[in-house]
Amino acid sequence: MTTTNLPSGPSAAPIRSSRRGLVPPGRLALRRYVRNPAAVAGAVVLLVMVLAVVFGPMLSPYSPDVGELITARSAPSAAHWLGTDAIGRDQLARVFAGGRVSLTVGFLAALLAVVVGTLVGTLSGWFGGVADAVISRIIDILLSVPPVLVIIVFAGILGPSVPMLIIVFAALLWPQSARIARGVVLSLREQEFVQAARVLGSRTAYIVVRHLIPGVLPAVVVAATILVADAVLSEAAVSFLGAGVQPPQASWGNMLNDSKSITVLSSMPWLWLPPGIAIFATVLSTMAIGDGVRDAIDTRRNA
Amino acid sequence: MFLIIAVGLFVLVRLAPGDPAETLVPIDAAPGQREELVKAAREQLGLDKPVPVQFVLWFGSLLKGDLGYSFSTHQAVGQLLLDRLGPTVLLMGSALVLGLLIAIPVGIIAAVRRDTFVDAAAGTVSVIALAIPSFFLAMLGIYVFAVKLRVLPSAGMYFSGESDVGDLLYHLILPVSVLALAVAAAFTRYIRSGMLEQLGQDYIRAIVAKGAGPFRATMHAFRNSLIPLVTVLALYIPAFLSGAVVVEQIFSWPGMGQMAVNALIVRDYPVITGFGLYVAVLVLICNLLADVLYTVVDPRVRTAR
Amino acid sequence: MLGSADKAGLLTNEFFNLPNVGMGPYTMTKFTPDQEVDLKKNPHFREPVGIDKLYLKMLTSDVAEAQLQTGELDLAQVAPADLATVQAMSGVKVSSAPSAGFLRIVSNDEKFPAAVRRALLTAIDRKTLIKTIYGGKADLVNSSFLTKWALPSDLDTYAFDEAKAKSMLQASGFDFSKTYSFEWVAGTADRDQAINVILQEWQAIGVNIKAKQVDGATQLADIKSKAYDFTFSGGGTYTMDPATSLAFLLTSNAYPAGGNVGYYSNPDFDALASKAAGTVAKADSAPIWKQAAKIENKDVAEIWLYDPQTVWAASSKLQNFTAYGDFTNAFADAYKWKIGG
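Order-wise, the sequence lines are chains A, B and C. Just so we're on the same page, our numbering is the position in the first sequence counted from 1, plus 338. Just so we're on the same page, our numbering is the position in the second sequence counted from 1, plus 212. Just so we're on the same page, our numbering is the position in the third sequence counted from 1, plus 21.
Worth flagging that the hints you see were computed from the coordinates, not collected in a lab. Because the structure is a prediction, the values reported are computed rather than measured. Quick reminder that beta carbons are idealized off the backbone N, C-alpha and C, glycines included. Careful, some of the hints might be misleading.
Claimed, not checked - 27 Å max Cα-Cα, derived BS3-like pairs, lysine-lysine:
(1) C:K185 <-> C:K132
(2) C:K199 <-> C:K245
(3) B:K261 <-> C:K245
(4) C:K185 <-> C:K231
(5) C:K231 <-> C:K152
(6) C:K61 <-> C:K51
(7) C:K338 <-> B:K360
(8) B:K261 <-> B:K251
(9) C:K148 <-> C:K311
(10) C:K74 <-> C:K114
(11) C:K169 <-> C:K296
(12) C:K114 <-> B:K360
(13) B:K251 <-> C:K247
(14) C:K338 <-> C:K359
(15) C:K74 <-> C:K51
(16) B:K251 <-> C:K245
(17) C:K132 <-> C:K245
(18) C:K247 <-> B:K261
Said to hold, decoys possible - Which residues of chain A face chain B? A few of them, derived with a C-beta cut under 10 Å, are:
(19) D478
(20) V488
(21) S499
(22) R517
(23) R520
(24) L524
(25) E528
(26) A574
(27) A575
(28) Q587
(29) G591
(30) S604
(31) M606
(32) D633
Chain A on its own, in the form it takes in the complex (with noise of 0.2 Å):
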């Protein structure tokens, strides 16, 4: 960095000539997240959190769902690592298959959320016009549906089930990326390089796939990180209404709702800090993956 603290330009023009001829853009990318610590370190922790939610409940002895009564909210012990719950579960055994419903949920809604909403998006920013006029309507309506009434229809109608929150929270998140990628596709549209582009003759498929997603990308990755946090969190949230994740089945959101009240607070940590440490790394890890992908894939900024 420079006395102005400003990013210097001058140093980016070499990269920008490798990419044209001396190394693909892709590992270009790789090596510039490898090099960034936080980027790396929040990927390892997603990778043995995954790792232990899907191994995890093979390694443990007792049942999430099932447990012995008279040991209930016991602290934590040889026998029990995490303590046990309010009804004598194994909390450890909780916590793993608890991961394995929140993570599925968190970033199969996300991941949805935003393909669909960077693709639509991008279009309908690109065409303006009638299209525009159109998509940007549904989307209007779709925002002005409020959440919560959505989903207590939808688990009424389907039953509440992790299908149907995935597709519910999918299904509510991706006017949010759509609104930002058509943002972003506005401003690009008018600018100099999309114009020469259109201008040459490049044909439109080319100019979306070439100047306008990665334009839009960076915003999305990062609109898309905190999208995981949201489905997460609201999967908690959901479950205070009922429509959420069915018991005996565990979630963190769940776990950490059953956890809100002074006696647990205040004398009980073993219930709430593991799925709340849980949420915590899992929140942290993907933004910090999110922050590490939109940088490496910058490629105006220098490596």
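Assemble chains B and C onto chain A, guided by the hints.
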């Protein structure tokens, strides 16, 4: 447009299983004759008519500005919404403004001083704030500040029997802080990312090369980073003014969110549709404003409308 | 969070149904929905009223407990799980009284005959539930009548016995191949926990059962269409007279005509209960009630669990407070309350 939303809401609300007349009559009321009571309630609420007829009647009065009456409390829905609007705007508005007041300077500084300690600290704090569920933060806040330290009131708008402004502000501190923290965290990230995007552009280099000071260059970049920010704000405001069910519940704040969820549970159709229309109108207004603002903050944008 | 039983408190809809809002010791001065009701003393009440102004607040029980500790509240209804915490607070007295209703599982009796219900009840370890979830503050119930004089002494207690329950269920012709659902309105911690335990216990004897959280309106819709298998019910006011329980027991009160949501139907019981209800003198009706209770106990009309006590925590400043279990009576002698020391 308005008609589509109205029809959509009307149908959606009625898709949910359950009959409001059934929920209104207590289950052990008048053993043996309960069915007649339910039937009478249904007639009184106009639910015995076919759904299209119900819609025409409802939409007709809607055009006259009449949102109907609550099934359960018999209050006018318009008045019900107005009663909740004040506390909601107060709570959510303060949280939004406070959050932005924190996020804008922090986001800009984090972007300008990229990869320094300030940036890392801002990033860490905002991520931590985003990673804690609001209901849990609220509970922790009550536990720490109301129960342990005893410096803030735990819930409600006023102390019992009081109604002065100082008291209200005192009660606002905890819920507003919880909500504002989430706003500040999200917007710091948006603003930082928008600023970085702009700071990397050629025109900034040109300005700097022409001899502009860092402050002017930053202001240029900030102005141009407003586009995505306006988009996000246009999404945020309606959601925010629809109330925060969980935080309202915990802090016993009489806002929109609680009203809507309670109405939903007893299938109070007029209140639910009234609330839905309120949100729809908010979304439409904010979108229009956003589109207007796009052209203000970035003259290059030719709006499609 | 939405179950009113979890809202501590001081405020429930039942309160507004009471005539004492107008004629009682206090009159209402202000009502803020979802927040509070302000009351002031009624100067025309038959007795002098001890407290000038009374505020009823709608709070979650967690916040209510916090406010009790900070002194913002003088009286709160406490969740069973927090009993120990509240008891440990200084300056807070905890008292409790049995509520006037009881918690039970309502089975769809058209699908599940008495033999199945007996087996399912035997599979539930109610004593341990009371001990762990309610801190001992609940009483076992083995009849839908809560009036002591109407109950015979030799009711079957359906003591917990997993092995016995399993063989009973196998002998009852129960269809083990089907998946059954248990629907209830979630949001009250003690109920949610108890239901989770009961589902485990039923699964242990081979019942293929799934939890389904619903809201009140959906629950009623499923009851009306008879689509439900099991649901959960609580509350009510049944201590005054055994006849009050008939609202959910008589064939003629089958939903939607009345509150018999489990569709319990036994002509012998109907005949006896109607006869008892029509008999004025308690001495004459008691033996008939006992006969009816015996039938109902054998049929397991509802899968009774227990009568949880209503636990009140009062600051020691509040004097002359007596705990009542049911809301109809909770404020019956509120005029005697005083704030002191």
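Hints not upheld, ascending by number: Hint check: 21, 28 and 31 fail, others pass.
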